[in-house]
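Novice: Now for the letters of each chain:
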Amino acid sequence: DAGVIQSPRHEVTEMGQEVTLRCKPISGHNSLFWYRQTMMRGLELLIYFNNNVPIDDSGMPEDRFSAKMPNASFSTLKIQPSEPRDSAVYFCASSPRTEPNEQFFGPGTRLTVL
Amino acid sequence: AQKITQTQPGMFVQEKEAVTLDCTYDTSDPSYGLFWYKQPSSGEMIFLIYQGSYDQQNATEGRYSLNFQKARKSANLVISASQLGDSAMYFCAMSSISSNTGKLIFGQGTTLQVKP
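Going down the list, the protein sequences come from chains S and Z. In terms of the working numbering, the first sequence opens at residue 1 and continues consecutively. In terms of the working numbering, the second sequence opens at residue 1001 and continues consecutively.
Keep in mind that the hints were calculated from the coordinates and are not lab data. One or more of the hints may lead you astray.
Unchecked claim - Here are the simulated lysine to any residue pairs, SDA-like style, with alpha carbons at most 25 angstroms apart: (1) Lys-1003(Z) with Met-39(S); (2) Lys-1003(Z) with Lys-78(S); (3) Lys-68(S) with Ser-1099(Z); (4) Lys-1073(Z) with Leu-45(S); (5) Lys-1003(Z) with Val-89(S); (6) Lys-78(S) with Phe-1106(Z); (7) Lys-24(S) with Lys-1003(Z); (8) Lys-1003(Z) with Pro-61(S); (9) Lys-68(S) with Phe-1106(Z); (10) Lys-68(S) with Lys-1073(Z).
As the list claims (entries may be wrong) - Listed next, the stretches of chain Z that the computed footprint assigns to chain S, with coverage defined by at least 3 CB atoms under 8 angstroms from CB atoms of chain S: (11) 1037–1045; (12) 1105–1112.
From the three backbone atoms N, C-alpha and C, an ideal C-beta is built for every residue, glycine too.
From just these sequences and the hints, can you work out the full model?
Specialist: So, in structure tokens, the structure goes:
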């Protein structure tokens, strides 16, 4: 079975540009999570969805960040406009919402904003 | 509010020896789950082991075991017979079962280096 798929794996962009990160969760999982990992702040939960509905977006840093989940097999995280401080590794994870509620992580997208 | 604390930024262990990575947590939830993840230098997050707060027995998965002490609110990871491939960053995490959100709160991580 395929795991969580993220694209692109690496993204280098210039400040001010729009960035879109994509995620395909594991089939049958009905929770999806977006995390950001930096050296300074560690792993931070940005937003999560249950059954395609955003449940908690309190971790989204500011209005420049937005996330959507139009269907059970696809989610996007968009940053517009991007800034150098957004440089980080962005992980998507999915979970079946059954005990033990283990989250399966994608390989991550390494974003560099110049 | 939930909180996970990993007080060891870095640890060294000799190959074939056992090592304990510390994790303490704070929560007011009556029912919760505790997880350990491994992040090697390649960057992926790998699930290792899970302990439910209601489990009577400590969880074990191969060379990994979780030393769960509920009264002390600690969930230390024990790796037995360390291998060079165990060198990685290790994260402790917690979720609330009673709220059933599936949301994980992570600690800051511990970097483990296994010496040959």
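Novice: Between the alpha carbons of Lys-1003(Z) and Val-89(S), is the straight-line distance 25 angstroms or under?
Specialist: 22 angstroms, holds
Novice: Taking a Cβ-Cβ distance under 8 angstroms as contact, does the segment 1105–1112 of chain Z have three or more residues in contact with chain S?
Specialist: holds (count 5)
Novice: With a cut-off of 25 angstroms on the C-alpha distance, tell me whether Lys-68(S) and Ser-1099(Z) pass.
Specialist: 23 angstroms, holds
Novice: Are the Cα positions of Lys-68(S) and Lys-1073(Z) separated by 25 angstroms at most?
Specialist: At roughly 36 angstroms apart (the allowed maximum being 25 angstroms), Lys-1073(Z) and Lys-68(S) break the hint.
Novice: For the pair supplied as a hint, Lys-1073(Z) and Leu-45(S), confirm whether the alpha-carbon distance does not exceed 25 angstroms.
Specialist: It holds: about 23 angstroms lies between the C-alpha atoms, which stays within 25 angstroms.
Novice: For the pair supplied as a hint, Lys-68(S) and Phe-1106(Z), confirm whether the alpha-carbon distance does not exceed 25 angstroms.
Specialist: Holds, at about 23 angstroms.
Novice: Test coverage of the segment 1037–1045 of chain Z by chain S using CB-CB distances below 8 angstroms; three residues minimum.
Specialist: This one holds; 4 residues, not fewer than the three required, reach chain S with a Cβ under 8 angstroms.
Novice: Going straight from one Cα to the other, do Lys-1003(Z) and Lys-78(S) come out at no more than 25 angstroms?
Specialist: 28 angstroms, violated
Novice: Would you mind confirming whether the straight-line C-alpha gap from Lys-1003(Z) to Pro-61(S) stays at or under 25 angstroms?
Specialist: With a Cα-Cα distance of about 20 angstroms, the restraint between Lys-1003(Z) and Pro-61(S) holds, given a limit of 25 angstroms.
Novice: Between the alpha carbons of Lys-78(S) and Phe-1106(Z), is the straight-line distance 25 angstroms or under?
Specialist: 23 angstroms, holds
Novice: Quick one, are Lys-1003(Z) and Met-39(S) close enough, alpha carbons at most 25 angstroms?
Specialist: Cα-Cα ~19 angstroms, so holds.
Novice: For the pair we were handed, Lys-24(S) and Lys-1003(Z), check the Cα-Cα distance against 25 angstroms.
Specialist: 29 angstroms, violated
Consistency note: the structure conflicts with the earlier hints numbered 2, 7 and 10.
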